[in-house]
Amino acid sequence: MNANGKKADPTALVRVEGVEKVFHRGSEDIHVLSRLDLTVATGEFVALMGPSGSGKSTLLNLIGGLDRPTTGSVSIGDDRIDALSDRQLAVWRARHVGFVFQLYNLLPVLTAERNVELPLLLTHLTKAERRRHVETALAMVGLTHRAKHYPRTLSGGEQQRVGIARGIVTDPTLLLCDEPTGDLDRKSGDEILNLLQALNREQGKTIIMVTHDPHASARASRTVHLYKGQLASEPTP
Amino acid sequence: MNAPLNWFSQIGSIAKFGLLSAAQRRASVAATVVGIAGVVAVFIGVLSISAGFNRAMTASGSADAAIILRSGADSEMVSGFGREETRIIADTPGIARNAEGPLSSAELFVIINLPKRTTGTDANVPLRGVESAALGVRDQLKITRGRMFNWGRNEVMVGAGAAREFAGLEVGAQLSIGREKWPVVGIFSANGGVAESEIWTDAKVLQSAYNRGDSYQSIYARLASPGAYEAFAAALTANPQLKVKVLRQSEYYANQSQTLTRLITTIGYLVATLMAIGAVFGALNTMYSAVAARTREIATLRALGFGSGAVVVALMLESLVLALIGGALGAGLSYAAFNNFHAATMNWQSFSQVTFAFAVTPALIGQGVAWAVAIGLIGGLFPAIRAARQPIAAALREL
Ligand SMILES: Nc1ncnc2c1ncn2[C@@H]1O[C@H](COP(=O)(O)OP(=O)(O)OP(=O)(O)O)[C@@H](O)[C@H]1O
Ligand SMILES: [Mg+2]
Chain A
0 MNANGKKADP
10 TALVRVEGVE
20 KVFHRGSEDI
30 HVLSRLDLTV
40 ATGEFVALMG
50 PSGSGKSTLL
60 NLIGGLDRPT
70 TGSVSIGDDR
80 IDALSDRQLA
90 VWRARHVGFV
100 FQLYNLLPVL
110 TAERNVELPL
120 LLTHLTKAER
130 RRHVETALAM
140 VGLTHRAKHY
150 PRTLSGGEQQ
160 RVGIARGIVT
170 DPTLLLCDEP
180 TGDLDRKSGD
190 EILNLLQALN
200 REQGKTIIMV
210 THDPHASARA
220 SRTVHLYKGQ
230 LASEPTP
Chain B
0 MNAPLNWFSQ
10 IGSIAKFGLL
20 SAAQRRASVA
30 ATVVGIAGVV
40 AVFIGVLSIS
50 AGFNRAMTAS
60 GSADAAIILR
70 SGADSEMVSG
80 FGREETRIIA
90 DTPGIARNAE
100 GPLSSAELFV
110 IINLPKRTTG
120 TDANVPLRGV
130 ESAALGVRDQ
140 LKITRGRMFN
150 WGRNEVMVGA
160 GAAREFAGLE
170 VGAQLSIGRE
180 KWPVVGIFSA
190 NGGVAESEIW
200 TDAKVLQSAY
210 NRGDSYQSIY
220 ARLASPGAYE
230 AFAAALTANP
240 QLKVKVLRQS
250 EYYANQSQTL
260 TRLITTIGYL
270 VATLMAIGAV
280 FGALNTMYSA
290 VAARTREIAT
300 LRALGFGSGA
310 VVVALMLESL
320 VLALIGGALG
330 AGLSYAAFNN
340 FHAATMNWQS
350 FSQVTFAFAV
360 TPALIGQGVA
370 WAVAIGLIGG
380 LFPAIRAARQ
390 PIAAALREL
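In the order they appear, the protein sequences are chains A and B.
For the first sequence, numbering that gives the first Met the number 0 gives the first residue as 0, with consecutive numbering after it.
For the second sequence, numbering that gives the first Met the number 0 gives the first residue as 0, with consecutive numbering after it.
Hint data in this document are derived by calculation from the structure and do not stem from the laboratory.
Here the structure is a predicted model, which is why all the values come from computation and not from measurement.
Among the hints, erroneous ones may be present.
Claimed, not checked - No farther apart than 25 Å at their CA atoms in a straight line, the calculated lysine to any residue pairs in the SDA-like style are these:
| # | chain 1 | residue 1 | chain 2 | residue 2 |
| --- | --- | --- | --- | --- |
| 1 | A | 126 | B | 242 |
| 2 | A | 227 | B | 19 |
| 3 | B | 15 | A | 110 |
| 4 | A | 126 | B | 115 |
| 5 | A | 126 | B | 138 |
| 6 | B | 242 | B | 212 |
| 7 | B | 15 | A | 113 |
| 8 | B | 15 | B | 291 |
| 9 | B | 203 | B | 291 |
| 10 | B | 15 | A | 125 |
| 11 | A | 147 | B | 295 |
| 12 | B | 115 | B | 212 |
Stated by the list, open to error - Selected chain A positions facing chain B (in silico; Cβ < 7 Å):
| # | residue |
| --- | --- |
| 13 | 93 |
| 14 | 98 |
| 15 | 104 |
| 16 | 120 |
All residues carry an ideal CB built from backbone N, CA and C; glycine is no exception.
Taking the hints into account, I'd like the entire structure generated from these sequences.
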């Protein structure tokens, strides 16, 4: 039985089935996720909540192909990504996932537009095509006028918008955001949430967002709660 | 799944980001570059001594010239001939001739003490007595100042190297030999060869000044052709009237330089190896801290899909670029400091000073840069592997 209360849907985009994740720290085993199921349909905007240390980032990393489950399977579209090699995973990530990080993770030595261009360096696009994609992505996040600025000269909210532009520039299947507003003030955070909501509603982007903030989760089309390694649709104390 | 896309541009961009961010790690990067420059400079510097010494010795001897010593003698010091023997040798077929006769010069030499310009301390300088054929035997000899000494007179001319190293050898100066004063009448060059370290005078005059009777120590001869050597040497050694040892001049000088060259080369490699070990640790440290400082950045790139192989190669490349900058700096430095740096050293075979110029040759620069490359690769490899092995999810958690 899974948190959605329905059987795994073969048409779903994200299918996490019977996933366990155990970390080893010294002789200690840390069971973070236990027999967890999650299904996300194309076009959904899912908020993932839960107490600190409950395994939200861990789950997001499994869905994004940054880590593998101890047992269970993770499928995105037609790909069983838990079965891919490291090298195949890197190629898969470049093609299918956009990441947005809490601390933006921009390269300080590159301008905004060069940062946004990074994922495109892994494609066969020509320089001119890359420039067009970068312009489009920066326009979507409203930062065209900041294209030539370095991250350190941008505000936190602007840096995160650059981060989102980088996340969507390849038009990925999935956009994964780990506490995208966690480091921002309320106003900048709202702008980011507006942006993500617009991407979901207007572009049909499938988004999974980890957050602590009920304001943030309210923007999602669905919220799931992680507690003691399992998912629930209602918050558990 | 497709093969990884445009691997080279991945490597290029990761390496570029690393080098761009090297500015933020200025101090450790600079320390590494300077360390590697030091290794290369010292290595090239030390070996330029033996290269220069070698060059001076090989410039001295041509393949169509021979030196004849008493059999059993390793150097002119312990060799000796009477007048009659030198005449038989000069008449042996195979020796080149000009209008005045065979190009064969019977020579002797004594060692005199002169103060070094730099330290003021006395050192041994060879004073060589030659015959008129000497100028035909050593055809690279040129008078650069003053004139040639007169035959039969107590006059000397001085090699350019000796004039540079020792005090009191200017044209017009007087050399005290025994109770007499011998004027210096000229300075000569010999294409950087050993003769430049010597003082020359008439053999006859030297014989009488030093009570040597009519004896000589060596014969320098120019051959009709390099190919004439074998027959010439065979004729001399087969002659029952003579007990001689024949050497090509080139071999003779090569033998003389061997000991010193070997010693300096060994020291050079030893010092460079020790310094290189230090520099490898410096490079390792720099690249480990580069990797540590960029843990999250590298993890981010890998999360975006950059390959871990590209990360390894890029970090090695970054380390290599730093090493090459250090190598170029060191090579440039050693060239500026050591090339043509004039020095004098003891030639243990003649117990006298040989002057020569350090030579920073292209081969030495090549070797120096090869050291830098090796240091860069070793220093980059382990940090690069660590960076590529780090689990992305864990590395992303780091601040
Ligand atoms: N690579 C790892 N090695 C060992 N333990 C880990 C590793 N990654 C995560 N953990 C542990 O797993 C648990 C879940 O971590 P995770 O980062 O997924 O939590 P989270 O819900 O995202 O927390 P937060 O809200 O603080 O970001 C924590 O106890 C954490 O210490
Ligand atoms: Mg987290």
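(message) Of the numbered hints stated earlier in the document, which are not met by this structure?
(response) Failing hints, ascending: 1, 2, 4, 5, 9 and 12.
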